[in-house]
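Throw the hints in and build the complete structure from the sequences for me.
4 protein chains.
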Amino acid sequence: MIVIMKQSATSAQIANVTARIEQSGCRVHLSEGEERTIIGIIGNGRPLDREQLERMDGVERTVPILRPFKLASRDFHPQDTVVTINGVTIGGKQLVVMAGPCAVESHDQLLETARAVKEAGACVLRGGAFKPRTSPYSFQGLGEEGLRLLAAVREETGLPVVTEVMDPHKVPLVTTYADILQVGARNMQNYTLLHAIGEAQRPVLLKRGMMSTIEELLMAAEYILSHGNDRVILCERGIRTFEPYTRNTLDISAVPLLKQLSHLPVIVDPSHGTGKWRLVEPVSRAAVAAGADGLIIEVHPHPEEALSDGAQSLKPARFAALMRSLRPVAEAVGRTL
Amino acid sequence: MIVIMKQSATSAQIANVTARIEQSGCRVHLSEGEERTIIGIIGNGRPLDREQLERMDGVERTVPILRPFKLASRDFHPQDTVVTINGVTIGGKQLVVMAGPCAVESHDQLLETARAVKEAGACVLRGGAFKPRTSPYSFQGLGEEGLRLLAAVREETGLPVVTEVMDPHKVPLVTTYADILQVGARNMQNYTLLHAIGEAQRPVLLKRGMMSTIEELLMAAEYILSHGNDRVILCERGIRTFEPYTRNTLDISAVPLLKQLSHLPVIVDPSHGTGKWRLVEPVSRAAVAAGADGLIIEVHPHPEEALSDGAQSLKPARFAALMRSLRPVAEAVGRTL
Amino acid sequence: MIVIMKQSATSAQIANVTARIEQSGCRVHLSEGEERTIIGIIGNGRPLDREQLERMDGVERTVPILRPFKLASRDFHPQDTVVTINGVTIGGKQLVVMAGPCAVESHDQLLETARAVKEAGACVLRGGAFKPRTSPYSFQGLGEEGLRLLAAVREETGLPVVTEVMDPHKVPLVTTYADILQVGARNMQNYTLLHAIGEAQRPVLLKRGMMSTIEELLMAAEYILSHGNDRVILCERGIRTFEPYTRNTLDISAVPLLKQLSHLPVIVDPSHGTGKWRLVEPVSRAAVAAGADGLIIEVHPHPEEALSDGAQSLKPARFAALMRSLRPVAEAVGRTL
Amino acid sequence: MIVIMKQSATSAQIANVTARIEQSGCRVHLSEGEERTIIGIIGNGRPLDREQLERMDGVERTVPILRPFKLASRDFHPQDTVVTINGVTIGGKQLVVMAGPCAVESHDQLLETARAVKEAGACVLRGGAFKPRTSPYSFQGLGEEGLRLLAAVREETGLPVVTEVMDPHKVPLVTTYADILQVGARNMQNYTLLHAIGEAQRPVLLKRGMMSTIEELLMAAEYILSHGNDRVILCERGIRTFEPYTRNTLDISAVPLLKQLSHLPVIVDPSHGTGKWRLVEPVSRAAVAAGADGLIIEVHPHPEEALSDGAQSLKPARFAALMRSLRPVAEAVGRTL
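Protein chains in written order, with our numbering: chain A, 309 to 645; chain B, 309 to 645; chain C, 309 to 645; chain D, 309 to 645.
Calculated from the structure, these hints are not laboratory results.
Treat each hint with caution, since some may be false.
Rough simulated footprint, nothing fancy, chain C against chain D, three-plus residues with beta-carbon under 8 Å [claimed, not checked]:
1. 498-504
2. 521-533
3. 603-616
Residues from chain C shown here face chain A by an in silico Cβ test under 7 Å; the list is partial [said to hold, decoys possible]:
4. 429
5. 521
6. 522
7. 549
8. 551
9. 554
10. 558
11. 560
12. 593
13. 597
14. 599
Ideal Cβ placement from N, Cα and C applies to all residues, glycine included.
In structure tokens, the structure reads:
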């Protein structure tokens, strides 16, 4: 960290800041410019609180030098992390497509969808049992019954299952049924949940919050990693902007940026990222071309009857066409699908 | 709700949409324009899912006519809601100032702050025992020990206490100690938490998420209200924008807008709303002038030693000066302080 | 357009609104719901001002049914527009890559870059003679001397030239030298400039403003089209969001969305869209996979000495590698490069 | 400026960066930390281009220490700038309210409005002759005829006039008629216009772009100041965010922040800042309480017939009521109105 003093800072103020830094076990490097004095902190300054220093007399501001995430960073862990679940690997050469309905509605709906997406090439089944909904009057998911249906359809199709957990106290329950635990966008900074997930023995699909920076996403991953769970899959799913024609603005640059900053696998959710099924296909191709390790896509046999997110769900035939169109793009960037 | 059909919609498609609407018990009002047919839904269309209709063939988009919140709306409840806690009323003519440290650190720190803010005119003590922090390596709060200190200082000063609860399963515990339960910005759409809070017997301070629209804030209030807790206090605390000079952009228009749309009391958090103590004073005056029912302000006896949010905390003497400067503004808009 | 009346609207207020609409030559379609009356406007309501109607007593709000752009819309002009300049076609099966330095600095710099990008497969040369710079103290471009250098290098290489025009009164001057006139992001709503460009006899590259919606971009195109110039190329170059790790957030969904809404060609600027040269390559591949008709990329022989935007410029060798990596992606989506 | 080297930077790379800095006449201060080397630049580093340095091998990023604006900064010019026009002072103890219609429509409309706002206490007349409109089909203003009407009404009422200029070549024309030249939000970074305005002999009202940071606003002011015109009035008018209930999000913190960073007067436009006349009154009071030097407010005798922005215009009676409600707030913060 660097501390930039005000033009008007006195030598007593500079001495105070220096003393504070040295108390924390760091050394100080003073740089007296023509207009300002700058104090460099040498040693592990992570425990030093920027805000405390910024409130000291004579300080203008501080500048962090190191990224605040460590376990999630590629500096710390240069090789790619590859997560394996029931024979499916995420983060390797082979792309992974997770597909299924937004919400689990019935055994028939889930099984029909699972069979169709498996045949088209998906290798993980998605489906929500606990649904975060903006309105208390909307369908909130089938709960544990939904988990049971997911497990049943896994038996019937062999597809591992990813599903969201919202309540930290339900992590053990969801772990009983699911192969991958999903942290939804609205819960990306629900630290109680991240803590519980960090202690679970399951891979995690961590979705970027709709108004979270890339650094905050990596800090959320850091929470999970620092509690002992190192199988974290990052998911870009669009951020909130001023543009009203799409539900979210998918941040395509986040894909290569996350791959550069971190060793964790990165997948993309074009369904929530766009909110419109007509955009899912081109944006899926873009995600693969940008280097994503996989996709998570909403598919529903009858989207016009879906209990949630029908507007962004593909029908099975469109999904199959999408998968066919993705293969040459995957090959063009040296991946397989 | 209104359904706008595509220019190319066939009469069979229009008939399908009409049939779907009528199945749900609503009536249909058809309007055939020169370029489009528009289908109005008459009756209580709330249970009809917009997304389902938008996926039907021939539909271009739908337009909601009614606001999605009901219990929180002024249409439903025209008179102002006034929340009373231990003799303090929130939402009446008298403004309420809640003040205290970001995090509870020790009995001395809390008592010193509480006495100072009480003397300056604050009537609720704030202080965090459970702290949501971006980094897993930052101070996370004293937990239950922090709650005990809050209760002890309430005994010593008579100030009721507001504190954040993050874990739905800790709602009963926090209720034992606190007079007002706070839902933090990061948890505004943590529906498990909102549900638990909705069943608690305590007033709630509900902070707007940094990524949340005014409508979403009112929908979060609707969650709490619909589970039976009608003592909700709304809090504008700044939203995230592209402006880097401030921590958040305080949405001052939200104050009169929330008062127009809803009957619930509205307070403003200028500390998080700006992130800079130098801006807290002018923005507090602005909030009162805009019609806020109160303020929640961070005060710390030694902000340069605060374990969190030192940069936005006022020292007791500045807080007292702020309170003095607020009184004439309050009077200028017909309020008392 | 639809007018939604307040719940409390009187029949006299409804009659007033009806009369106003009928004065403008439209017919009215009344729909009396249980909670609100809704007034549909039948006929060409474009001349009716929404804001006027919204100020009438009893009106809650209005909802536009038709998109406000016409000449730019695919409804109006279903076939793709293909723009041809000196044998280069933009908007057809063949992708177009425009490349060159951010700013024209010297004949040597420009010629060296032009030769390198031509050899790698670019077919239009970009280069700024008039540079919009945030600071009055930064390099503002060579002005007309820059235009002369662009024309000279066009002679030497055969590459047509695209360059920005900022001053409406310089449109004739820039037209003398350039093959394509560029409207920069900061000038997307400079209507005086759009008007002048609309009367020019040159294709236009219209960049999306950094905080402009897709609808506003198409309305800016509408300005140019409505003044008689129908050779408009749209350019997605990233929008401003809260994310600080990238200069802008490239809105990849805008590519297919613009292609669906409009008949105009769409190209992508990954250099400004990301601001980091390390991201240009993956994001270029994503743009092609998403259906873009081309790219505009900053290339500089010595970016560490560039007078502007060095951080986002590719060296010629990297650009050549990028072009090689783009070809299989182009083929994967049925295009050629 | 500070240059942060990568962890992997070699001593040759550090030497190269050092040499480049010293070539520009600055001195270098090297700080070798445990994880990174940091290079401080001593001397006037403004001419050094951050982007060039960031492209040099071994450099991770650069951090500016000084604000990029100088003439606009309070460091450079500690006393408040007070702008005087025809006896009206802006930036002193007395608040200034500018009021009038969005667009000049007719002599009657303008005169009726001018008399009403003058009687209520406004001391500058606003009115647009050249109107930037999103649609080419909307009313674009009366042009020079509108300027003549403004000048005529000034004669009749004694109110000085502020009006927008959009075309750099029309600056002399508008200067003939207007007392204050307005730069609109969409033109805040139209550098050709800022240059022309900088050479005009008239005070300038510079509106913050809807997409512009506070630093960019001050840099736009710097353009005008650096071309010789030192009578710049800054105007906060709301920024674009994700919130759809208001037209813009008025950034109330910008008022005290601009007053701290700069010596220039700051006024607020609550009409565009909210887009809803019902919000203009409370937000005006907030602006005064936050320390604004004045307001610019849209008033129209018949807003439901206004040719633009009717939804945000006050009727004269409401404006008079607003002025009455502002006076006690002004007094509460030590100002007069």
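A quick look at each hint next to the structure:
1. 498-504: holds (count 3)
2. 521-533: Check passed, 4 qualifying residues.
3. 603-616: As far as the stretch 603-616 of chain D goes, the hint holds, because 6 residues have Cβ atoms under 8 Å from chain C.
4. 429: Interface hint status for residue 429 of chain C: violated (16 Å vs cutoff 7 Å).
5. 521: 5 Å, holds
6. 522: 5 Å, holds
7. 549: With Cβ-Cβ at 5 Å, under 7 Å, it holds.
8. 551: For residue 551 of chain C, the interface hint holds, since the closest Cβ of chain A sits about 5 Å away, which is under 7 Å.
9. 554: 5 Å, holds
10. 558: 6 Å, holds
11. 560: 4 Å, holds
12. 593: 4 Å, holds
13. 597: 4 Å, holds
14. 599: 5 Å, holds
In this structure, only the earlier hint numbered 4 is contradicted, and the remaining ones agree with it.
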